[in-house]
Structures are given as structure tokens and as C-alpha cells.
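Engineer: Please build the complete structure, drawing on both the sequences and the hints.
Number of protein chains: 2
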Amino acid sequence: MKKNLKKEIEGIAKMALAASRLLANLTSDAKNAVLKDMAAALLSNKQDILKANRKDISSSRSKGKAFIDRLTLDEARIRQMAGALLDVTRLKDPVGELMRGWNTDSGLRIQKVRSPIGVIAIIYESRPNVTADCVGLCLKSGNSVILRGGSESLNSNLAIYNALNSAIQKHGLPCGSISLIKTPDRKAVDILLKLNNYIDVVIPRGGEELIKKVVSSSRIPVIKHYKGICHVYVDAWADLNMAEKICFNAKVQRPGVCNAMESMLVHRDVAIRFLPGMLKKFKEAGVQIRGCAFTRKIAKWVQRATEKDYRTEYLDLILSVKVVEDLDEAIAHINNYGSHHSDSIVTDDYDEALKFLRQVDSACVYLNASTRFTDGNQFGMGAEIGISTDKLHARGPMALEELTTYKYMVFGSGQVRQ
Amino acid sequence: MKKNLKKEIEGIAKMALAASRLLANLTSDAKNAVLKDMAAALLSNKQDILKANRKDISSSRSKGKAFIDRLTLDEARIRQMAGALLDVTRLKDPVGELMRGWNTDSGLRIQKVRSPIGVIAIIYESRPNVTADCVGLCLKSGNSVILRGGSESLNSNLAIYNALNSAIQKHGLPCGSISLIKTPDRKAVDILLKLNNYIDVVIPRGGEELIKKVVSSSRIPVIKHYKGICHVYVDAWADLNMAEKICFNAKVQRPGVCNAMESMLVHRDVAIRFLPGMLKKFKEAGVQIRGCAFTRKIAKWVQRATEKDYRTEYLDLILSVKVVEDLDEAIAHINNYGSHHSDSIVTDDYDEALKFLRQVDSACVYLNASTRFTDGNQFGMGAEIGISTDKLHARGPMALEELTTYKYMVFGSGQVRQ
Numbered sequence: 001m002k003k004n005l006k007k008e009i010e011g012i013a014k015m016a017l018a019a020s021r022l023l024a025n026l027t028s029d030a031k032n033a034v035l036k037d038m039a040a041a042l043l044s045n046k047q048d049i050l051k052a053n054r055k056d057i058s059s060s061r062s063k064g065k066a067f068i069d070r071l072t073l074d075e076a077r078i079r080q081m082a083g084a085l086l087d088v089t090r091l092k093d094p095v096g097e098l099m100r101g102w103n104t105d106s107g108l109r110i111q112k113v114r115s116p117i118g119v120i121a122i123i124y125e126s127r128p129n130v131t132a133d134c135v136g137l138c139l140k141s142g143n144s145v146i147l148r149g150g151s152e153s154l155n156s157n158l159a160i161y162n163a164l165n166s167a168i169q170k171h172g173l174p175c176g177s178i179s180l181i182k183t184p185d186r187k188a189v190d191i192l193l194k195l196n197n198y199i200d201v202v203i204p205r206g207g208e209e210l211i212k213k214v215v216s217s218s219r220i221p222v223i224k225h226y227k228g229i230c231h232v233y234v235d236a237w238a239d240l241n242m243a244e245k246i247c248f249n250a251k252v253q254r255p256g257v258c259n260a261m262e263s264m265l266v267h268r269d270v271a272i273r274f275l276p277g278m279l280k281k282f283k284e285a286g287v288q289i290r291g292c293a294f295t296r297k298i299a300k301w302v303q304r305a306t307e308k309d310y311r312t313e314y315l316d317l318i319l320s321v322k323v324v325e326d327l328d329e330a331i332a333h334i335n336n337y338g339s340h341h342s343d344s345i346v347t348d349d350y351d352e353a354l355k356f357l358r359q360v361d362s363a364c365v366y367l368n369a370s371t372r373f374t375d376g377n378q379f380g381m382g383a384e385i386g387i388s389t390d391k392l393h394a395r396g397p398m399a400l401e402e403l404t405t406y407k408y409m410v411f412g413s414g415q416v417r418q
Numbered sequence: 001m002k003k004n005l006k007k008e009i010e011g012i013a014k015m016a017l018a019a020s021r022l023l024a025n026l027t028s029d030a031k032n033a034v035l036k037d038m039a040a041a042l043l044s045n046k047q048d049i050l051k052a053n054r055k056d057i058s059s060s061r062s063k064g065k066a067f068i069d070r071l072t073l074d075e076a077r078i079r080q081m082a083g084a085l086l087d088v089t090r091l092k093d094p095v096g097e098l099m100r101g102w103n104t105d106s107g108l109r110i111q112k113v114r115s116p117i118g119v120i121a122i123i124y125e126s127r128p129n130v131t132a133d134c135v136g137l138c139l140k141s142g143n144s145v146i147l148r149g150g151s152e153s154l155n156s157n158l159a160i161y162n163a164l165n166s167a168i169q170k171h172g173l174p175c176g177s178i179s180l181i182k183t184p185d186r187k188a189v190d191i192l193l194k195l196n197n198y199i200d201v202v203i204p205r206g207g208e209e210l211i212k213k214v215v216s217s218s219r220i221p222v223i224k225h226y227k228g229i230c231h232v233y234v235d236a237w238a239d240l241n242m243a244e245k246i247c248f249n250a251k252v253q254r255p256g257v258c259n260a261m262e263s264m265l266v267h268r269d270v271a272i273r274f275l276p277g278m279l280k281k282f283k284e285a286g287v288q289i290r291g292c293a294f295t296r297k298i299a300k301w302v303q304r305a306t307e308k309d310y311r312t313e314y315l316d317l318i319l320s321v322k323v324v325e326d327l328d329e330a331i332a333h334i335n336n337y338g339s340h341h342s343d344s345i346v347t348d349d350y351d352e353a354l355k356f357l358r359q360v361d362s363a364c365v366y367l368n369a370s371t372r373f374t375d376g377n378q379f380g381m382g383a384e385i386g387i388s389t390d391k392l393h394a395r396g397p398m399a400l401e402e403l404t405t406y407k408y409m410v411f412g413s414g415q416v417r418q
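Chains as they are written, first to last, in the numbering used here: chain G, 1 to 418; chain D, 1 to 418.
Quick caveat, the hints were computed from the structure, so don't treat them as lab data. One should not assume that every hint holds.
Put simply, identical chains are the same to the list, so a pair is met inside one copy or across any two.
The calculated lysine-lysine pairs, modelled on DSS-like cross-linking and capped at a C-alpha distance of 25 Å, are [what the hints assert, rightly or not]:
| id | residue 1 | residue 2 |
| --- | --- | --- |
| 1 | LYS227 | LYS112 |
| 2 | LYS63 | LYS7 |
| 3 | LYS36 | LYS46 |
| 4 | LYS297 | LYS281 |
| 5 | LYS55 | LYS283 |
| 6 | LYS14 | LYS355 |
| 7 | LYS355 | LYS112 |
| 8 | LYS224 | LYS182 |
| 9 | LYS55 | LYS355 |
| 10 | LYS308 | LYS227 |
| 11 | LYS213 | LYS224 |
| 12 | LYS170 | LYS297 |
| 13 | LYS194 | LYS308 |
| 14 | LYS194 | LYS212 |
| 15 | LYS92 | LYS355 |
| 16 | LYS194 | LYS213 |
| 17 | LYS212 | LYS6 |
| 18 | LYS281 | LYS187 |
| 19 | LYS187 | LYS297 |
| 20 | LYS112 | LYS92 |
| 21 | LYS308 | LYS7 |
| 22 | LYS224 | LYS194 |
| 23 | LYS51 | LYS63 |
Structural biologist: And the structure:
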């Protein structure tokens, strides 16, 4: 049984590798035509998808409301999925871009050309829309993709996959172009993660648990972010009205996402002017505050923040607050306690700002803006397959370009090495 | 004992992380001044270095001649090391480069800025010059570096390190800027490779064994190349004089390196015209040939190539030869048997050439040139820390730029997310 599973998963990976060689050389027009047909297929198979989704929902009744919400599809969500595929057709094809070209002393012409990575595996949790989103981005960037969704959304994923795959078949593309691992057996993931001879990169999308599991058992390179512990630092030279708006937005506008603020740092020179009003505003919005001793002197109702609080991604209406001596303490705190995701300084002092932007070791560093902008769409990348807090290959929002590598094409006229 | 070792290695890694924050913000002038003093220190400590090297050599008498050759330093090699450091001062500093900048609809100014990776660990074998080369490149790219050389060259490495570190101290840079792991205990490497909280990337430099060991036990991302099984494919439309020169150069000029040709593919339409003269030339140069049935019909003295031959990196005057039906077979053979390092086509047909360059899935693909050009210096990068056959982060020759990542600096004027 396990041996058969290994053979099955290996078979999928081999087919994906073979398909990737062909996908790498499709024209943009050819890829866009498939994407358009995929969008159409989602709409025309709407009823099947919704029916499959109802099946998933009815087997997941015991899970919480948030879980069911992530799992549930309706007509609007299917239209969104189709729309996202059409959006991808309008994005610039990264493949074949001449990144740099130069001539060498030996008379060679070297061209650094953007190319697809090859085979991408995506391991995700309960949101079925990830199925269509990832297929769209991987196809447009010329990669084949192997999908492994959560077992609770298997029927929905399968229905979506079948619709998308009908477009692959219609255009005569190899059947390994997009694959979905259908067995609910959890061992399938362990097997998949060992296939570094066929798969080039794994992108886990989901909670910290999932990501840790993937990282610890993968022999394939992983692009990931564990969590977003984002800070806003209100400097001594901040415009305090602006600071209040930015901090409120970063915490309250959508607290459940990775680019929301989890920790607010305030320079001691402005703490007494800034904190009373700010904390009151947070209180009115239902934000629970956990503060340092200084903060608690200003607002008696504030809970005491522990060391652990400063390392916690609440993903909720909870905020840790700390008053710091100076910019250096703020930078050191962020580098030590943060998750290298997104951090902002509010200040009118350009020197202080630049020091912060340079020395804070995070994927995205902001001056006078909310951390909530760390997002492929907000950055103008058009789509997003995740946000990386790694430093190798991709950092920050990842879109089409981050799904590519490059190769050197070297044009000679008989050159040999002396 | 083991606990102490763990503490010691962790201490080194923590200091390297702290130092990296400062190195990331040094000016190019400051870094170049240190590099110049490092070069001077190598020369002024020449006697100490040579003395230490003699100690290493005398303990390694039992090893082979090639080993001793790699290990041995003399005045000329020390001058070369110093010269390489001076060369690095003349390379463009990659840190701070504005890779791309744009404005978003929300009025944010986004700048993608090249930044150091942070802490780089280099694990290498018996060549002591690697110590100075890696320190130069890591320092110029604003990274701190942790070095772990082979135990046989420990005294040499230590003497070189001490000279380099005197320049670090003279300029008041943090002592974690460059570190050398001094204990001969092999457990030190295992400990080091688990410190993914402090170290950003590991670059192993050495034989396949070393690299495999690092990959299998590292929790830190690794940039590597296992081996170079490089091909030259002589197409039906090749200029056969040119093909002969290129193939001869790729095999014979320096057979012991990763970009030398290990396997030659020949289109059947030109095999009878091309192979007799080519094989004779190889024979005269002492190259042992292992060929397919077709090849052996042309030259009876040729040994039969096994399946394993086509997967072997000889690093020696041995060559596998195969006659193929067409371009497609050549491409499929290279993608299947090769190591995705460097492969060349010799042809006058531009369509065939482009198909080869696009579909061969290797870091460097050549038209009408020897594979021997895959090298940071030959590419005009000025220096090289290795050649990657990975696809993530860096592919092909790696120099200063490949030792950097990027961050997004986002300049706002109070923007909040709607």
C-alpha cells in the first residue's frame, strides 16, 4: 500500500518535470489563451464546484466558524477565482526577459535571461481558491505545479482542478502541467517532500504549524514565511496625528493578517503626549493592550506585557506596547523580537528615517505608512503567491517574477579558453 | 565537553549576527580601506603564514600529491591572495543599489534596494587561499562570515585569518565580522549547520562528499553545486573545424575542473565526417574514450560506454561520446544525464541554436563556445565564490551580487490601507 503510494506520487512528480520542459517554452499568447479557458471553465462548472464544496462543508461541521468560512465557496467567490485568472493574463510574462546582457573580453555575448524555475509544489490548507490562484501564477510563469490542499477541502479542490485541467487538455498541453494529489493519506506529503530530483521548490501556504512541518521534513528548498510580528515605531520627531492614524490602521483595519501591527514602539519623549489618546482610541475599538511599565503608568487599565508578548503574533485585536529610549533601542528591539516581515517608522526626521530603513532587517521597511501595504497587489505586482521572510531567492511579496530563475545564454563564434 | 563546544559555536554565530548589522551599513570606502589593509597584512605576515603552512604539510605527508599541491602555499600564492583582495576593492559595491523603484496608486514610493544577506558560513576543504578569497567577497558585500576549513589546513588558515583579522581590529570593526572555527572537532560543523536562527546561508566549497554531507545535515539554506557533467553537442549544421577546437578545449585544456566537458554528443549526419579526426586528436592527447556503438564502429579502439559513464564526472582525461539522432535527442540526453551546469551546442543554424539554449535546463548554455568559460572571472564578474547548479537565489557563477538579497524601502506620507 505504502509502496504503491510512493510510486503514485513519484509518477506525478516525473510527469510534472516532463511537462515543465514544455511549459518553459510556451509563448505568452498560448499561456494566456489557456488561462482564459480556465476562467471560463470555472464559471461553466460552477454547479459541480458548489456541490463538491457543500460535501466538504457538511463533513467539517465540527470545525469552528472561521474554518467553515475559509472553506465555503459561493457564486461570488467562484467569479472572483475566474477574475483572478483573467487578471493574470494581463500581467507581463516574466519568462524570456533579458535581465542583463554584456560582451566579454573574449568576445562572448552573455545574456542573463529570466526562465521558469521548473516544478513547483504548493502545500496549502483549507482555502479552495488557492487551487486556482496558484495554477494561474505557475502557468503564466512557465512552471508546472503539484498541488496538495487540505483534506477537508478535497472535494472542492478536485472539482476546481477538474475544471482547470479541462482547459489544459483542450489546448493539448501535457497532463503533468497541473497535478493535484488526490489521496487523503498524509504520508503523500512526506513522500512528495523527498522528491528533490523532480521538484525544484516547495511553497507552503498556511499556518505556522504547517510551515514548520514542511521545513523540517523537506529535502526540497522551501520559500516561506513563518509569521508576521510587525512593528510601528513612533519616533520623537513624528507627526503624532499621522502616527495615530497609521498605528490604528495597522492594528485594527484587518487584525487577522500577517502584515497587521502586533507591537507598537513609542519614543519616550513623545509617550506622554501620544499614548493617552492613542490607547483610548484602541480601547474604544476593542483592542486589548499589553504594555511596558511606562505604558501602564499612563493607562492603568493596560495589562502587563511579558517577554513572550513581544514575540507573539496575535492575529487578533491585541497589541503589545513598549516605550523606548531612542531610535537605537527601537531598531534593536525590532531586529530581536520581530519576524523580519514589515516594520514602519513614523518621523519627520529624514536621517532617523534612513537609519531605520537601513538597519531594520526586514523584508519591507516603511517610512510614514501603515505596514498593511505589504501585499503583492498593493505593491502593484498584480498578484501574490505569498510573502517571504526568507532572504534567499525571494524576500517580501512574491508574484510572477519570484517564480522564475535565470540562465546564462552565451553566444560565441568559436571561442576557446586560453 | 560537547555542551561547551555547542556554547562556543553558538557564541561565534551570535557575534557574527551582531557584526552583520554593522557591516551592512559600512560605506564602500570604509570596506575598501579594510580590504587594502588585509592585503598588506598578508604580505607582512608572510613568514608566519609559510611557517604554519609547513607545519600542515608535514602532518599531511601520507596524503596524495594532488592533496599536498592544493595545501601548499608559497610566496607567489600569498601574493596572489593579497592581489585578489585588492581586486575586490576595485569591484562595484553591490550594497545599496536601487534595483527598481516605482510609485503605487496609493502614493507610496517603493524602492527595491540591494542589501547584504547577513551571516554567511563557508565550509571548505584543503585550499587555504579560500580563507582570504571568501573573507574579501563577504566583507565587500557587507556580510559577516564564519569560516570552517579542512582540519589538514588548520594552521595555515589560522595564520591567514590572524593576518586578516588584524585589519578588522585596526579599523575598529566588531570582532564577529570574520570568524574562524578553530577546533578540529568535527562535531563543530554539525552544530554550526543547525544554527538557522543566526546564520542565513551556507556555502560548501569542495568535493561532492562534503557538499552532500552539508546538504543532508543543514537546517540553513545551502547554495551549492554537486558536480559538472558538461556536454558539447556537435550539430548537423556545425562548422566541424570549430567543433573540433571547442571540443578539444572543453576536454583537454584543464580536465580536472567542473566546467570541463565530460560527454560529447554528435549528430549522426556528421558523425562519420567529424569523429575520426576528433577521436584521433583526443587519442594523441591521451584522452580515454568511452563511446556508444556507433562511435565504436568508427574507432575500434574505443571502450564501450555504460549507462553509468554518461552520469560520471571524470575530472580526468576521460570522455564519453554518443551519436544522437537529432537535436531533440541531444537536449533530452543532456537534461536527463547532465548536472545542469554548462552545456554547449556547435551549429550554424540559429533556430537549432535557440531551441538548444532555451530547452537545455542548465545554468549556462553556450552557442559555439567552450564550456570552460563558466567562471566568475571569465564572465567579467571579477571574482567568484562558487558556481551554483541550484535554481533558487543564484544560478551559475556566484560573485558579489549573489551574496546579497534585497529589501523593500517604502516611503509614505501618512498612507493607511483602505
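Engineer: Would you mind marking each hint as holding or not holding in the structure?
Structural biologist: Comparing the hints with the structure gives:
1. LYS227 <-> LYS112: The answer is between: 22 Å across copies meets 25 Å, while 34 Å in one copy does not.
2. LYS63 <-> LYS7: neither (33 Å within a copy, 44 Å between copies)
3. LYS36 <-> LYS46: This pair counts as within: shortest intra-copy Cα distance 16 Å, inter-copy 68 Å.
4. LYS297 <-> LYS281: Within. Shortest intra-copy distance 17 Å satisfies the 25 Å Cα cut-off; inter-copy 88 Å does not.
5. LYS55 <-> LYS283: Neither: 41 Å inside a chain and 71 Å across chains, both beyond 25 Å.
6. LYS14 <-> LYS355: between (49 Å within a copy, 22 Å between copies)
7. LYS355 <-> LYS112: between (33 Å within a copy, 16 Å between copies)
8. LYS224 <-> LYS182: So LYS224 and LYS182 pass the 25 Å test inside one copy only (24 Å; across, 34 Å).
9. LYS55 <-> LYS355: Result: close neither inside a copy nor across copies, 54 Å intra and 47 Å inter.
10. LYS308 <-> LYS227: So LYS308 and LYS227 pass the 25 Å test inside one copy only (15 Å; across, 46 Å).
11. LYS213 <-> LYS224: both (12 Å within a copy, 24 Å between copies)
12. LYS170 <-> LYS297: The answer is neither: 68 Å in one copy and 46 Å across copies each exceed 25 Å.
13. LYS194 <-> LYS308: For LYS194 and LYS308, the Cα distance is within 25 Å only across copies (23 Å; inside one copy 35 Å).
14. LYS194 <-> LYS212: Both: 16 Å inside a chain and 15 Å across chains, each within 25 Å.
15. LYS92 <-> LYS355: Answer is between; shortest inter-copy Cα gap is 23 Å, intra-copy 35 Å.
16. LYS194 <-> LYS213: Both: 13 Å inside a chain and 16 Å across chains, each within 25 Å.
17. LYS212 <-> LYS6: both (23 Å within a copy, 23 Å between copies)
18. LYS281 <-> LYS187: Intra 49 Å, inter 55 Å, cutoff 25 Å: neither.
19. LYS187 <-> LYS297: neither (54 Å within a copy, 50 Å between copies)
20. LYS112 <-> LYS92: Close inside one copy (18 Å) and across copies (19 Å); limit 25 Å.
21. LYS308 <-> LYS7: So LYS308 and LYS7 pass the 25 Å test across copies only (24 Å; inside, 45 Å).
22. LYS224 <-> LYS194: both (17 Å within a copy, 18 Å between copies)
23. LYS51 <-> LYS63: This pair counts as within: shortest intra-copy Cα distance 19 Å, inter-copy 71 Å.
Violation of the numbered hints given earlier is confined to hints 2, 5, 9, 12, 18 and 19; the remaining hints are satisfied by the structure.
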